[in-house]
Structures are given as structure tokens and as C-alpha cells.
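Which chain is which? The protein sequence lines are A and B, in order. Each residue of the first sequence is one higher than the one before, starting from 89 at the first, in this note's numbering. Each residue of the second sequence is one higher than the one before, starting from 89 at the first, in this note's numbering.
Honestly, the hints are just simulated from the structure, not real lab data. Treat the hints with caution; some may be incorrect.
Copies of the same chain look alike in the list, so a pair counts if it works inside one copy or between any two.
Restricting the straight-line Cα-Cα distance to at most 20 angstroms, the calculated cross-link-like pairs of lysine to any residue (SDA-like) are [said to hold, decoys possible]:
no., residue 1, residue 2
1, Lys143, Gly189
2, Lys470, Leu459
3, Lys120, Arg529
4, Lys437, Asp411
5, Lys461, Glu451
6, Lys514, Glu332
7, Lys514, Thr254
8, Lys614, Gly329
9, Lys517, Glu385
10, Lys463, Arg393
11, Lys517, Leu577
12, Lys558, Pro271
13, Lys100, His204
Spelled out, the chains give:
2 protein chains.
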Amino acid sequence: MESENSYRHLLKWGDKREEGISHHMAEVIRAKFSLTEAVFRSKHLPGTEPVKLEKPPMIKPAQLEFLRGICGSGNVLTDDLSRARFSCGKFYGELLGLRLGLVPDPPDAVVAPRTHEEVEKVIAYCSDEMIAVVPAGGLSSVTGAIRAPHGGIALDLTKHLNRIMTVNKVNKTVTVQSGMYGPALEKELNSQGYSCGHFPQSFEYSTVGGWISARGAGQASTGYGKIEDMLVAIRAVTPAGVIETKDYPRTAQGWDLFRLFAGAEGTLGVITEATLHIFNHAPQNTASAAFIFRSFEAAVETMRRIIQSECGKPHLFRISDPDETDIAFKTSGFDGTLADKALAILGFKAGSRCLMFATVEGERDYARFVLNKIKRKVRAGKGMYIGTSPVRKWLDQRYSSAYMRDPLMDLGIMTDTLETAVTWDKLLKVWKAAHEYVARRPKAFLMIHISHVYENGANLYFTFLSPMQKGNEAQDFAVFHRGLVDTILENGGSISHHHGVGRVLAPWMEGHLGKNSMELLGAVKKHLDPNNIMNPGGTLGML
Amino acid sequence: MESENSYRHLLKWGDKREEGISHHMAEVIRAKFSLTEAVFRSKHLPGTEPVKLEKPPMIKPAQLEFLRGICGSGNVLTDDLSRARFSCGKFYGELLGLRLGLVPDPPDAVVAPRTHEEVEKVIAYCSDEMIAVVPAGGLSSVTGAIRAPHGGIALDLTKHLNRIMTVNKVNKTVTVQSGMYGPALEKELNSQGYSCGHFPQSFEYSTVGGWISARGAGQASTGYGKIEDMLVAIRAVTPAGVIETKDYPRTAQGWDLFRLFAGAEGTLGVITEATLHIFNHAPQNTASAAFIFRSFEAAVETMRRIIQSECGKPHLFRISDPDETDIAFKTSGFDGTLADKALAILGFKAGSRCLMFATVEGERDYARFVLNKIKRKVRAGKGMYIGTSPVRKWLDQRYSSAYMRDPLMDLGIMTDTLETAVTWDKLLKVWKAAHEYVARRPKAFLMIHISHVYENGANLYFTFLSPMQKGNEAQDFAVFHRGLVDTILENGGSISHHHGVGRVLAPWMEGHLGKNSMELLGAVKKHLDPNNIMNPGGTLGML
Numbered sequence: 089m090e091s092e093n094s095y096r097h098l099l100k101w102g103d104k105r106e107e108g109i110s111h112h113m114a115e116v117i118r119a120k121f122s123l124t125e126a127v128f129r130s131k132h133l134p135g136t137e138p139v140k141l142e143k144p145p146m147i148k149p150a151q152l153e154f155l156r157g158i159c160g161s162g163n164v165l166t167d168d169l170s171r172a173r174f175s176c177g178k179f180y181g182e183l184l185g186l187r188l189g190l191v192p193d194p195p196d197a198v199v200a201p202r203t204h205e206e207v208e209k210v211i212a213y214c215s216d217e218m219i220a221v222v223p224a225g226g227l228s229s230v231t232g233a234i235r236a237p238h239g240g241i242a243l244d245l246t247k248h249l250n251r252i253m254t255v256n257k258v259n260k261t262v263t264v265q266s267g268m269y270g271p272a273l274e275k276e277l278n279s280q281g282y283s284c285g286h287f288p289q290s291f292e293y294s295t296v297g298g299w300i301s302a303r304g305a306g307q308a309s310t311g312y313g314k315i316e317d318m319l320v321a322i323r324a325v326t327p328a329g330v331i332e333t334k335d336y337p338r339t340a341q342g343w344d345l346f347r348l349f350a351g352a353e354g355t356l357g358v359i360t361e362a363t364l365h366i367f368n369h370a371p372q373n374t375a376s377a378a379f380i381f382r383s384f385e386a387a388v389e390t391m392r393r394i395i396q397s398e399c400g401k402p403h404l405f406r407i408s409d410p411d412e413t414d415i416a417f418k419t420s421g422f423d424g425t426l427a428d429k430a431l432a433i434l435g436f437k438a439g440s441r442c443l444m445f446a447t448v449e450g451e452r453d454y455a456r457f458v459l460n461k462i463k464r465k466v467r468a469g470k471g472m473y474i475g476t477s478p479v480r481k482w483l484d485q486r487y488s489s490a491y492m493r494d495p496l497m498d499l500g501i502m503t504d505t506l507e508t509a510v511t512w513d514k515l516l517k518v519w520k521a522a523h524e525y526v527a528r529r530p531k532a533f534l535m536i537h538i539s540h541v542y543e544n545g546a547n548l549y550f551t552f553l554s555p556m557q558k559g560n561e562a563q564d565f566a567v568f569h570r571g572l573v574d575t576i577l578e579n580g581g582s583i584s585h586h587h588g589v590g591r592v593l594a595p596w597m598e599g600h601l602g603k604n605s606m607e608l609l610g611a612v613k614k615h616l617d618p619n620n621i622m623n624p625g626g627t628l629g630m631l
Numbered sequence: 089m090e091s092e093n094s095y096r097h098l099l100k101w102g103d104k105r106e107e108g109i110s111h112h113m114a115e116v117i118r119a120k121f122s123l124t125e126a127v128f129r130s131k132h133l134p135g136t137e138p139v140k141l142e143k144p145p146m147i148k149p150a151q152l153e154f155l156r157g158i159c160g161s162g163n164v165l166t167d168d169l170s171r172a173r174f175s176c177g178k179f180y181g182e183l184l185g186l187r188l189g190l191v192p193d194p195p196d197a198v199v200a201p202r203t204h205e206e207v208e209k210v211i212a213y214c215s216d217e218m219i220a221v222v223p224a225g226g227l228s229s230v231t232g233a234i235r236a237p238h239g240g241i242a243l244d245l246t247k248h249l250n251r252i253m254t255v256n257k258v259n260k261t262v263t264v265q266s267g268m269y270g271p272a273l274e275k276e277l278n279s280q281g282y283s284c285g286h287f288p289q290s291f292e293y294s295t296v297g298g299w300i301s302a303r304g305a306g307q308a309s310t311g312y313g314k315i316e317d318m319l320v321a322i323r324a325v326t327p328a329g330v331i332e333t334k335d336y337p338r339t340a341q342g343w344d345l346f347r348l349f350a351g352a353e354g355t356l357g358v359i360t361e362a363t364l365h366i367f368n369h370a371p372q373n374t375a376s377a378a379f380i381f382r383s384f385e386a387a388v389e390t391m392r393r394i395i396q397s398e399c400g401k402p403h404l405f406r407i408s409d410p411d412e413t414d415i416a417f418k419t420s421g422f423d424g425t426l427a428d429k430a431l432a433i434l435g436f437k438a439g440s441r442c443l444m445f446a447t448v449e450g451e452r453d454y455a456r457f458v459l460n461k462i463k464r465k466v467r468a469g470k471g472m473y474i475g476t477s478p479v480r481k482w483l484d485q486r487y488s489s490a491y492m493r494d495p496l497m498d499l500g501i502m503t504d505t506l507e508t509a510v511t512w513d514k515l516l517k518v519w520k521a522a523h524e525y526v527a528r529r530p531k532a533f534l535m536i537h538i539s540h541v542y543e544n545g546a547n548l549y550f551t552f553l554s555p556m557q558k559g560n561e562a563q564d565f566a567v568f569h570r571g572l573v574d575t576i577l578e579n580g581g582s583i584s585h586h587h588g589v590g591r592v593l594a595p596w597m598e599g600h601l602g603k604n605s606m607e608l609l610g611a612v613k614k615h616l617d618p619n620n621i622m623n624p625g626g627t628l629g630m631l
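So here's chain A without its partners, still in its complex pose (with noise of 0.2 angstroms):
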């Protein structure tokens, strides 16, 4: 048992789900990389010392004191295990560090505001004093969002910040505290016959705050919008004063305020209330089909001749290209079944066939007449219908791939996600150079799905595996997930369609928006944070 101050203890996400492998997975891993038994029996860098910073904390007492006053002594902590905790989300790259023991980055205290008004006076003291404050929520990020290289203060939403303001019947909307869970969110929703339509992979530990900030999208984001469509208004604290936009549908007096807030990644500010929409809660009646293709090509222009049909959209929709296909026929333990060999006999052959799921969720009948349109484009595009348990499969376990990481680290598996927006036009250009890139590397294997679309494109979505070089993890890392970015980059794709900038996509982001477009962005953020304390060094390329 790991101790509750190692390293390792800081890496995990504290669920159950964590603590092995499926044994079909095991075995997949192990002939893709000829892993021994040994490999099995033992754990890779396991980081099981315990936590101790180097980076002495460069706050003052007195400015501890003061915060204290206004949060609460219990409220602002400065042991090594919280600094250390707050000091990173779960990149790949930072889990590895916390392997080496590495904590380069803490805070020098975390402190948990109680109300709106706390947050306020933590931010005017803040900027006056120039502490840097990094907002925090689940400590989700997977792009270095999450990291104090200034020091100062990581700011605890979760704690006090976590509960509905009001559920508005009327305007279908909820306002909620920004540290408020995804799944308590949702319950308390669904005991009033509402969702939150938004469940990214992240879901169980990530909080609106953090929905916000980073651009998230939900699983079933082509039905139901990413968390910024979902957005109606926004109550931020800047070190410029409080941002509060009101709830209208629409307006034309301006550009919106709030939709500066979705993406800011905490450089702005501090988000404490959002109002979202909210949806009607009926898992009765969704309506799913699971579908396969002879091809990635051909399932990619049925999925883009279904969004572009005007008849109604899916909610989740999804393409697991052949790797993708292969490896989720492989554990699911459809590999080599009749049903497998009667498929290959219809010319759906592994290696070359592809997945697609559908649900339809609203009113019963539109569900199914929606997903029965989807049905016939299918056939018309080659595609076969092959029932609903394949959906309700991976419904089952959706959000658990990201506790997988943690078991195939200490196998010594290098794993990580990235993902791109992209045009129609340029999908397959991107999908076959990254494939291209990750084939150059030995006992490299990545497996890419789209699972956010739109009528001028969508996204895609890569995981990648590889054994570690021992001995030199992080820098091996580095070197291949840059090339991957570039690759993507190169051949059309943006940096991030849901996942965010951060720290670590940030030297991508002046070459690709321009330096006009970066200068506007430092302009927002330089009237808002003059002093330059939100979430300093590095994050979305900002200083």
C-alpha cells in the first residue's frame, strides 16, 4: 500500500478503477510490446517516497496572515502535501515528474475562499501585492494548466464553492457555483428531471470552473454543444473588478463578455458562478445503434453526409478508426468469436474496419426517428447495423480509460491523449500523418476516434502507446509528443479542439494564430490583470 503522502498517491485519481487492468487489455499489452511476467510482477518508477518540496515557499507570513483573515485559518494550507498536490493536473508529462519526484512548480499556500466576496478581497489583496493565483478546480488538466511557476497562491473552488444557486425552471438554466463537481451537479439535476448534458472523459473528477476555463466537450457534445455553447452568463473576479453578464439568450449590443472566460484557463481571472443550460434527464428514451464500415474513409463521409443532412442530430457520435476498432474488438473479447469471422467474411476485416456509435436522446419518437434516418444513411453509405449492446458497452465504462494510465505506467508504458479540431477537408490528411508520424517510432501504436462533430468538421482524437526509454522517460516523451503537436499542426489541424492550451501546447499558439491575434489576447489579459497574477508563466502562451 502506498502511503497517503508519496508521490504516488499524489499521481492517482483516487478511484478504484486505478488499480489494475482488465485482463483482456493485459493481454493485448503484452503481445504488442513482448512484455515478461516480470514486467507484470513489478511497478515502473513507483514514486511511493514521500512527498518533499525543495522550492521553499516565497509568500511572507504577513501575507499568509492577512489571507487567513479573510478565508479563514483553516482555509489557507501550506504543508508540503497540498502544495505539491496543487501543483499540477494530470498531463502525462507531470505524473511522470511526480514518478522522479519531481515538483517544480508548487504554490506557496492553497487557499480555499467560502464566498464570491472572499474571492474578491483574495484578488484585489492579490494583485496589490503581486501573488500569483492560480484557480483551481479538479486538478484534471492535461495540459499544464495547473502549475504555480511564480509561486503565490493555488485557489481551492471545490471546497466552499460547490453548490447550485438556482435551478431556473423557466429559463431551462442552472447558475452554479464554479467548483461545483461534475457528478453532484448532475445528481441534484436529475432529482429534478434535468442533465447537464456535458460529460467529458473527466467527468467524475473535473468541476464546471474547470468545464469552462479549458473549453471542455462532453461526450455527447454534437447534440448537445460544447460547455462554451452551453454557457449563458458568467460572474468572474478580475484583478480589474467583477465581470457579471446577464442570462439573455442572445443580444447585439457588443461581443459577449462571458465567452472571453471560456478558454481563459484562469489568465483572466476567477470564474465563481456560471449559468449553464440544462437539458431534460431521460435516459428512457435514447435510442442507440453501434454500425461498422469496411473503412475509416467511408465512415468518416457517412458521419459528415449524416451531420450535413439537416434531419436532426445524433448526441454522442463516434468513429473508432481500425486500430481504435481492433483493440476494442480485442478486449471487449470479440476477437476471433463467429460474429468476428462471419463480419471478415462480409468484407469487414480487422485492420481495416472502423466502429461507429450513434444515441439520439429528447422526446421518444424523435429520438427513434432521428436515429432510424441515421440508419438509412448508413446502409446508404456500405455501413452495417450491429445493434445496441456495443453502445451500451462503452456507455458502461466511458469514463475509465483515464484511470488506465496509471496501471500502464508501471508496466513501463508511455501513454498519453492529444486531439485536434479540424475541417472535412483536411480530416483524413491529419488522420494519416499522425499515423504516419507514431508508425516511425518502434513498438509505437496509436489508435485515433472522432467524437465531437460538426457541419464543417470534427474533431480527432489520439492515444498513443509505447514502451518507455528507461532511464530517460521524460526527455523521450517530450521529444515524440512535440513531433506528434507538429505533425498535427503541419498537415491542418488546430492545437486543441476541447483539451485547452495550458503549459504545454502554449509554444504552438503564437504560430498558429499570429502575432496580431497573440497581441490581442495579451491585450484582454493585460487590461484585466495588470499586474499579470491569474495564472502567470506560460499558460495559453502568455507570459
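Use these hints to put chain B onto chain A, whose structure you have.
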């Protein structure tokens, strides 16, 4: 016949539908305002004098010469008529001014650049020389957004920058120059099987750049979205350089820069190109229905239930309140017919009954399915289906009411429109308060409709008519108009849903948005336009 260089010529759209009002409408007006035959034979404030500007140009001859060097001498106009034409839009107060021979804010010259690169050169030069620049499209602004109180140049984008650059059939987008008018864009898209989906009442005389700058909404926006929802990417020239964004479906790489230009009303720079979503052009598939309700409250409640029920959306979705329904029945000749009497017997009585229109577009069976869902919900809400012909008739004259203002003003009738976005929980309050306000003016008349519908609210659109106060037309209008805006805002409405703010509604901006938000708008403006040359002098509440 009025002369082509008269004020009267300037204030018209140049559309033959402006020549007079229908027989039915004349009867309604005659009865409502007790107009005599003499009034119908004469013209109040006809504005037939030739245009003559008092204000001398402030631009220097050498500056004009430089601009001619960039754009060609035929593309720099300084005659009084051109200057007067680009001195205003179609706000009632401006039209009244023209009838009174007033052109208070003419530009010094009208410059028509031929390319994006010429716009760059013009803006760089004007910024250096501190020459004000007012970007101009169709001059259909009803908010005073097109005025040159600081002189300088009006940028006529319609003369040359009026073409489609590309129709991307794979991504289902169009990239179009900002000066292209609606009908030309739609005609070209239709020929390729697409539609722009954006049909504001000003459609026939407005441009893509104007739609974006004012954040307009088309009549089918409930299905297709407002222009900012259709906007994918932008190319804009600012004094701080070119801001060009990419056509990704969504991203998470900071906030979307293109969104700043939606609603900026020319204060940040000149949009030269935009990429927009396009839609399938299949009018033969459209399913439509007209309904009648016994009260506005019942119609609104049903509309809210429909839009919140998650069973597909209508594209056009409207309710006319009892006063507007009454006028619609009278001007269509329906009033007093047997069918009218039958409706009354069924409880749909004049003075309280309300019309609702809905169309659903898209694939044929989808449109019918969703319309049938709407019909069932209308029945549940005690509304009655009354066929499709009222919708067809309305669509036939969908742009016409804008052309009635000039003949009404000839009759000495003051008439203007205002509009607001409001959440469902405040909609009836704003509706009632506006009627109460207008009822306090003797012989004033207000019609209200809802025409853009969202999950959390809708717009309210106000059309008022009243005899002018002869000899005090402008001041009387200003006071009455101000009171109506105050009433809307005090009861929970927004400044604008889709007309924009301009100079007319600018005085309400800071009170409504708050000081911090106004300063944030100003900071973006200051960064992109440090010398304040872009549409200066009050637009959006900026200096």
C-alpha cells in the same frame, strides 16, 4: 417626381414597394388616427429640396490625393450627394432629419477600396493621419451606427468587395467578401444547391459585413441561428494589423477572436471577408403551419414548451401579440369574414387572440415529423391549427414592412421599431410594460411580436405608430423613444437582440453592462484602434 439629388431620394431604399401603402393598411391608419382625405393627398415634410451640405470637408486635399493613389480616383467621391448618402442609415430619427434637410454627420469623402490589400493601405494611412473611417455596407442600420460626426471617410465596401471567394462543399461553408448584398449571395448559393439561411428584414439592402457587425438575426434564426452562430472565421483589417482566424469547427485555444467582430459595429476594424456556414437549399421540403391561440400568455407558454422539449426545432417561429394579430387580420381582409366570426365563436376573440407561425426546414420527412410534433403541442396548449396559407402570405411580403415607413411618414405618422432579448421568466412583464407605456400617449399604437426563439428566452419586437407632433417632430420622437427603451430595460429586457446599439442606444450601454464591462470593451478597442479612427463618436458607447 422627386429629383435624384433630393433629400427625399436619399431617405428611400430605392424599392418600388415604397410608393404607397395598401388599401387595407390605409383604412386601418385612417380609422386609427382619424386622418382626413387632405392628409392622404398631401405629403408631410416631403424633403424634396436638393441636398446641400453646410459642413465643409475637413480632410486635406493631399490626403484625398493619397487615398486616390491607393484606390483609384474614381473610387474616392467628395460630392455632396455621396457624402450625404453615407452620413446615415435608416433610423427613423435620421429619416426625419433628411426630411427636415438635416445632414449633421457627413463623411468628408466616400472611398471604395478594390481589394483587401487596399483596405490595409487605407486603414494604415488613416490611422497614421488620424482620419476617421466608417465602414459601410448597405446603409440599413436602424441604430445610427453609420455616421461620421468626426468627418473622415466612409468606406464603401459594396462597390468592389462584393464577391464570393469560395463555396466549400465539403465543409459546407462559404467564404465571402463583406460588401456582398444578401440577394446576390443567396442567388449564387441557390445555384449551387445551398442557402445562406440568414434573412433579416433588411435582407434585400444589407450586406454580409453589416450582418456581422450589427449581430443581425434572420427570420428563420430559431432554426439556423443568428449571424454570430453561422460565423466560422473572419478576415479583418484593424489599425493594429490584420486579424485572420481559421475555419475550425470549434477549438479550445483561448477564446474565439472572430467573435469580437460580431457586434463591433465597425469600431474595431474593417471586416473584409467572412466564412459562414451554409445550408441545403430545399424550399420544396419546408413544412409550415399557422395557429391561433386565445391569449398571448397561452401562445407564449406553448412556444416555450415547444422550444424546450428537445424534439427538433422550427426554423421560422413567431407569435404576433393581440394588437399585431388584429392589424394582420384587418390588413389581410380577414376581419369580418365568416371565418373570423367562427373563430370568435370558438373563443378566439379579437383583442386577445394571437397568431403563431412555424416552419420546419431540412429533409422532407424530418420537416413533417417535427411540424407534427409542434402541432400536437399546440393542441395541448389549446391553440388551433388554421392552415398554411397565412404563413405563405406572410413569407410573400416578408421584407415589405420596412418599405411602409416612408409613405407613413408622408402621412405625418411617426413609426419606429425597437427590439429586445429577454428570458422567458421576464418576457410577459416586458410585454405588458411596453404596452402600458405606449398606451399613455394619446393615439399611439403598439404591436409586438416574438420572432427569434431560444431555450432560455426569446426576443420581443416592438412596432409603434403615432401621429407626429407637427412642428416638434424630432424632439417629440426622441422623448417618446427614450421612454420606451427605459421601460424595456427597467423590466428586464436587453438593449438589443439583433438591431445593434449604434449611437442611438449607446447611452444605455454603461448602465446596462456595468462600468467594468464597458472598460473591457474599451480596452479591446484601444488595443486594436489606438488612434480611435474606427467609427468614432459614440457607437456602442465608445468615444
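Hints and how they fare:
1. Proximity of lysine 143 to glycine 189 under the C-alpha cut-off of 20 angstroms is restricted to the intra-copy arrangement: shortest distance 13 angstroms within a copy versus 75 angstroms between copies.
2. Taking identical chains as interchangeable, the C-alpha atoms of lysine 470 and leucine 459 lie at most 20 angstroms apart only when both belong to the same chain, with a minimum of 17 angstroms there against 31 angstroms between chains.
3. In this assembly of identical chains, the alpha carbons of lysine 120 and arginine 529 lie at most 20 angstroms apart only when taken from the same copy (14 angstroms versus 82 angstroms across copies).
4. Taking the closest pair of Cα atoms, lysine 437 and aspartate 411 come within 20 angstroms of each other only inside a single copy of the chain (12 angstroms); across copies the shortest separation is 66 angstroms, beyond that limit.
5. In the homo-oligomer, the alpha carbons of lysine 461 and glutamate 451 lie at most 20 angstroms apart both inside one protomer (16 angstroms) and across protomers (10 angstroms), since each shortest distance falls under that limit.
6. For a Cα distance limit of 20 angstroms, the shortest separation of lysine 514 from glutamate 332 across copies, 19 angstroms, qualifies, whereas the shortest one inside one copy, 39 angstroms, does not.
7. Taking the closest pair of Cα atoms, lysine 514 and threonine 254 come within 20 angstroms of each other only across two copies (16 angstroms); inside a single copy the shortest separation is 43 angstroms, beyond that limit.
8. Both within a single protomer and between protomers do lysine 614 and glycine 329 lie at most 20 angstroms apart by alpha-carbon distance, with minima of 13 angstroms and 19 angstroms respectively.
9. Only within a single protomer do lysine 517 and glutamate 385 lie at most 20 angstroms apart by alpha-carbon distance; the minimum there is 11 angstroms, versus 54 angstroms between protomers.
10. In this assembly of identical chains, the alpha carbons of lysine 463 and arginine 393 lie at most 20 angstroms apart only when taken from the same copy (12 angstroms versus 29 angstroms across copies).
11. For a Cα distance limit of 20 angstroms, the shortest separation of lysine 517 from leucine 577 inside one copy, 11 angstroms, qualifies, whereas the shortest one across copies, 51 angstroms, does not.
12. In this homomeric assembly, lysine 558 and proline 271 never come within 20 angstroms of each other (Cα to Cα): the closest approach is 38 angstroms inside a single copy and 65 angstroms across copies.
13. Neither within a single protomer nor between protomers do lysine 100 and histidine 204 lie at most 20 angstroms apart by alpha-carbon distance, with minima of 30 angstroms and 53 angstroms respectively.
Going down the numbered hints, you'll see the structure goes against 12, 13, while the others check out.
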